[in-house]
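Protein chains in written order, with this note's numbering: chain A, 362 to 649; chain B, 24 to 164.
Since the hints were derived computationally from the structure, they do not count as laboratory data.
A virtual CB, placed ideally from N, CA and C, is assigned to each residue, including glycine.
A few of these clues could be false.
Some, not all, of what chain B presents toward chain A, calculated at C-beta under 10 Å [unchecked claim]: (1) Leu-29; (2) Ile-33; (3) Thr-40; (4) Asn-49; (5) Met-53; (6) Ala-67; (7) Leu-81; (8) Gly-94; (9) Gly-101; (10) Gly-122; (11) Arg-138.
Now the stretches of chain B that chain A is said to cover, found in silico as 3 or more residues with beta-carbon under 8 Å [said to hold, decoys possible]: (12) 55–64; (13) 82–92; (14) 102–115; (15) 123–137; (16) 141–151.
The following residues of chain A were derived to be distant from chain B, with all beta-carbon distances above 10 Å [said to hold, decoys possible]: (17) Ser-449; (18) Asn-476; (19) Asp-546; (20) Phe-569; (21) Arg-588; (22) Ala-594.
Spelled out, the chains give:
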Amino acid sequence: MRNLAAALSGALFGTGLLLSGMTDTTKVQGWLDVFGDWDPTLAFVMGGAMLPMAIAWRFAARREVSALGTPFPPRNRSGVTAKLVTGSVLFGAGWALAGLCPGPALASLGFGGVNGAVFLIAMLAAMVAAPKASRWLDRLTAPKGSTMDIRALTPTYAVSPQIDPEDLPAIKAAGYTTVIDNRPDGEIPPHLHTEVMEDAAKALGLTFVANPVIGGAMTPENVATQRAAIEAASGPVFAYCASGNRSSVVWAVAHAGLRPADELIGIPARFGYQLEHLRPLLEAAPKG
Amino acid sequence: MQIDWLYGLIGGLCIGTAAALYLLVNGRIMGASGILGDVVDGSAGRSLAEKASFLAALIATPAALVWVFGGGQTHATGNWAVLVVAGALVGLGTRMANGCTSGHGVCGISRLSLRGIVATVFYILAGGLVMALARHGLGLI
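So here's chain A without its partners, still in its complex pose (with noise of 0.2 Å):
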C-alpha cells in the first residue's frame, strides 16, 4: 500500500513535470534569465503546486499521523543556516547551468537522451560524496590545530571518535558547551581517563557529564543521563566514545519517539554508523 501510494505519487509528479514544460530546459533557463527573453511559466507551476500542497498542509496541521499512520514530518529547527545557504547557492548554480533540477532530471531520463543521464550520474555522484565534502568544509573551517572529527549529527549534538584534553579549546571555540564522556576508563589510556577530560572542559568553563557506556550493554541509566545532560545543556552537546557510535546509540533511543525512526537511523548512517538494528526499539516507543 505504501509503495502503491509512493508510485502513484511519483507518476503525478512525473506527468506535471511534463505537462508544464519543466523538463525542458528551455524553459527554466527562460524563466531565469531576466536580462533576455524571460518566460513566465516557472512561477504558474510552482503556484499551482503550492496551492493543493498547502491544504494539504492545514489537512496535517490537524491530525496527528498520515493515512498510513506515519507520524507526519516534523520542522526542522535547526533553522537558517550556513549550510542551508551555501547548498541553496551551489544549487541555484548549477539549475541555471544546465537548467534541469533533481525532479526534472528524473523525469526526463527515459526520453532525455544521453545528454540527461550525463547530467544525472554527476549529479548522483555528487550526491554520494556531498557528506564527505561538508564534512571536510566543517573541518576546514574548524580551528587550527585541531586533527577532530566532529560529526554533528544536528545543529545540537555532534558526536566523535575518542578526543585528547588539547581538542577541547576547539571543540569550545566551536560553540559546544557540554561534553559527554560515553567512554569507560578501562578501555583507555590513564591521560584520556575521565578525570583528566572533566578537569580540562571544566577549566574551559565547558559542562562535562560522564556517562559510560560499556559496548554492547547500554542500559536505561545510560539513556536517562544522556538525555537528562541534553536536555540541561545552554548550548550545543558534544559527546565521544571510541568510534562515535556508542555515542550515537545513546542519542537515538534517548530520542525514541521524539523524532521519526527513520531520522534516528538515517543521520548516524550519513556518517557511517549503521543503528538499523534498533529500528524495533526506535519504532516501539511511544510518541511524544
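Could you slot chain B onto chain A? The hints should help.
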C-alpha cells in the same frame, strides 16, 4: 506559446497533488533530491521500497507519455563539461541544503517554513545571477 502558462498551471497542480498525496498518505515530504539521495547513499533504511517505487514511477510515467503522445524535447545542452559541472553543483548543493525545488520550494514554502523560503530565495538569486553571467557575460549557454 500563449497557452504555455496554462499548461504550467495544470502541470503545477499535478505536482502539488502528488506532493499532497505523498504527505497525507505516506507521511513524508515529496522532495526529489531527498528521496533520490536517501536511496543512493543508503540512508533510506526501511523506507527504501517506497522511495524506490516513487522514483521508478517518476521515471517511467513521463517516458511512457512521451512514447505514446510524442513531444518531450529537453533541449539540454550537448556540452558535457557544462552538464557535469551543473550536475555536480546540483547534487552537492541539494544535499548540503537538504532540499531542492520540490522539497524547499513546493513543500517548504507552502508550509511557510523559513528554511524553505530562504533556500528558495537563494537558489533563485544564484540561478538568475549565474544565468546572466553565463549567457550574457560569457556566452557559455
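Quick rundown of the hints versus the structure:
1. Leu-29: 8 Å, holds
2. Ile-33: 6 Å, holds
3. Thr-40: 5 Å, holds
4. Asn-49: OK, holds: B:Asn-49 within 10 Å of chain A, min 6 Å.
5. Met-53: Holds. Min distance 6 Å.
6. Ala-67: Because about 7 Å separates B:Ala-67 from the closest Cβ in chain A, which is inside the 10 Å limit, the hint holds.
7. Leu-81: 4 Å, holds
8. Gly-94: 8 Å, holds
9. Gly-101: 6 Å, holds
10. Gly-122: Status holds, d = 8 Å.
11. Arg-138: The hint holds - B:Arg-138 has a Cβ within 10 Å of chain A, the shortest such distance being about 6 Å.
12. 55–64: holds (count 7)
13. 82–92: Contact hint for the stretch 82–92 of chain B vs chain A: holds, 9 residues under 8 Å.
14. 102–115: holds (count 12)
15. 123–137: holds (count 12)
16. 141–151: Three-residue rule met by the stretch 141–151 of chain B, so holds; n is 10.
17. Ser-449: The claim breaks: A:Ser-449 does not keep its Cβ more than 10 Å from every Cβ of chain B (closest is about 4 Å).
18. Asn-476: 4 Å, violated
19. Asp-546: Per Cβ check, A:Asp-546 is outside 10 Å of chain B; nearest 34 Å; holds.
20. Phe-569: The claim holds: A:Phe-569 sits with its nearest Cβ about 32 Å from chain B, beyond 10 Å.
21. Arg-588: Per Cβ check, A:Arg-588 is outside 10 Å of chain B; nearest 23 Å; holds.
22. Ala-594: 23 Å, holds
Comparing the model with each numbered hint stated earlier shows that hints 17 and 18 do not hold.
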